[in-house]
Each structure stands twice: as C-alpha cells, then as structure tokens.
Amino acid sequence: GNSVTQMEGPVTLSEEAFLTINCTYTATGYPSLFWYVQYPGEGLQLLLKATKADDKGSNKGFEATYRKETTSFHLEKGSVQVSDSAVYFCALRKGSGGSNYKLTFGKGTLLTVNP
Amino acid sequence: NAGVTQTPKFQVLKTGQSMTLQCAQDMNHEYMSWYRQDPGMGLRLIHYSVGAGITDQGEVPNGYNVSRSTTEDFPLRLLSAAPSQTSVYFCASSPIQTSSYEQYFGPGTRLTVT
Numbered sequence: 001g002n003s004v005t006q007m008e009g010p011v012t013l014s015e016e017a018f019l020t021i022n023c024t025y026t027a028t029g030y031p032s033l034f035w036y037v038q039y040p041g042e043g044l045q046l047l048l049k050a051t052k053a054d055d056k057g058s059n060k061g062f063e064a065t066y067r068k069e070t071t072s073f074h075l076e077k078g079s080v081q082v083s084d085s086a087v088y089f090c091a092l093r094k095g096s097g098g099s100n101y102k103l104t105f106g107k108g109t110l111l112t113v114n115p
Numbered sequence: 116n117a118g119v120t121q122t123p124k125f126q127v128l129k130t131g132q133s134m135t136l137q138c139a140q141d142m143n144h145e146y147m148s149w150y151r152q153d154p155g156m157g158l159r160l161i162h163y164s165v166g167a168g169i170t171d172q173g174e175v176p177n178g179y180n181v182s183r184s185t186t187e188d189f190p191l192r193l194l195s196a197a198p199s200q201t202s203v204y205f206c207a208s209s210p211i212q213t214s215s216y217e218q219y220f221g222p223g224t225r226l227t228v229t
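Protein chains in written order, with this note's numbering: chain D, 1 to 115; chain L, 116 to 229.
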C-alpha cells in the first residue's frame, strides 16, 4: 500500500536558519505529493503541491521538488521565521478516480523557530 | 464562503456514551472525509464519501458510523465511546472534477473520553 515517511521531530531552529524536512514515499504509479501545515490550534492547510515528476511546488518561501528517482519530496526554506513554527505533514494522493481521492499522511514534523 | 465547519470544538464524554460530530461545507465538494489525529501517528482516515448516499471505510473505521444524505453535511457518529477514541477529529472536503486535488480541512473537534 501507499506510505509516507518523514523525518521525526521536533526540529528547533533559530530565526533565519535553513530548513530541510525530509519526506520519502512508497506508492505504485504516479502519485501527487503535498505538504500541509498545521499552526497551533488550527486545522491543516495546503502549503504546496506537485503532481508529476520534477515538478517544484513553492509557496511562502517554501519549496519541494518531486523526485521520482529517489521517491522523495523534501521541504526546504532558506530563512525561517518565528511565524513558521507549526507541524508540517507530507502527504500523497494516488492518481484520480474511484477511491483515489484519499490522502496518505506522514506522521508530521513539529518545527519550532526561536527568535 | 465559510469553508469547512465542525461542531463542537471540544467535547468530553464518558465511556459508553454516544455522540455525533458535525461537519458541513459550503463549497459543493463531492468528496468528504473524516480523520483522527493522534500524537506520533499523523492523520488516519476513518471514513470517506464521494457523494450523497455513498460512503466507504478508511483505515480506522471501527467504532464510528457515517452517513451522507446531502452534499453539504457529513456527520460522524460514535455509538459507544471508548477511551481509545480520545483524539482530535478533522473533517476535510475536496472537489472531484479538478486537477488540484487540494483538500480543505475544518478546524477540528477535540474529544476526550473518560
């Protein structure tokens, strides 16, 4: 079945540090890949997505590239801010049609950014 | 648009009690789903629906029932609450006929079963 593995947290960084959160996946076919963010006390929000190999998703200074050869979708940001403190989830959705609307999530990575 | 709304925000139940978690969306999305979030477990799919009158089980359906009588509403029923159902519950929806595949999440319901 489909699965997503992301680096375990928590991750603690100082403001303006470089961020990488690793994510690898297992799936048949060509899944779509996502990063969702959950701020304290809130639901999940889509941060960025990529729907085919070599696509780069980007939003709010975050980037991730869909690497089919390494089955990875690592999240990066060049300079984090205190407001980026949140839980980050990597997820995949396999194809389209039928029951393939379901998202499979990683376990989440808690990021804390200190001033 | 209000998006995806969930009620209540917090609930405490005693073991054996029943209750319904409400979820509604005003975006005319065909797909709706329920997840539970537990520490160190990520989000796990409980039940989902691809349209009114159509529901199916997800990864962890035991102890939960759902129905979908309208496009807008997708309530989750706990028939006999157990401490193992203490969790944060999220409802999500998405359109089917789109290439974006984004799911929109509600703010969550924090449930404690004592």
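Just so you know, the hints here were simulated from the structure itself, not pulled from any lab data. Check before you lean on any hint, since a few could be wrong.
Stated by the list, open to error - Pairwise CB distance ranges, derived in the manner of DEER restraints:
no.: 1; chain 1: D; residue 1: Thr12; chain 2: L; residue 2: Glu174; range: 38 to 46 Å
no.: 2; chain 1: D; residue 1: Thr112; chain 2: L; residue 2: Ala167; range: 39 to 47 Å
no.: 3; chain 1: D; residue 1: Thr28; chain 2: L; residue 2: Asn180; range: 25 to 33 Å
no.: 4; chain 1: L; residue 1: Thr229; chain 2: D; residue 2: Glu69; range: 44 to 52 Å
What the hints assert, rightly or not - Now the stretches of chain D that chain L is said to cover, found in silico as 3 or more residues with beta-carbon under 8 Å:
no.: 5; segment: 74-81
no.: 6; segment: 104-114
All C-beta atoms in this analysis are idealised placements derived from N, C-alpha and C, irrespective of residue type, glycine included.
Hints, one by one, checked against the model:
1. D:Thr12 with L:Glu174: 38 to 46 Å: Violated, since D:Thr12 and L:Glu174 (Cβ atoms, about 31 Å apart) do not stay within the stated range.
2. D:Thr112 with L:Ala167: 39 to 47 Å: holds (43 Å)
3. D:Thr28 with L:Asn180: 25 to 33 Å: Roughly 31 Å apart at Cβ, these two residues keep to the hinted range, so it holds.
4. L:Thr229 with D:Glu69: 44 to 52 Å: holds (50 Å)
5. 74-81: With 0 residues closer than 8 Å to chain L, the segment 74-81 of chain D misses the three-residue bar; violated.
6. 104-114: holds (count 4)
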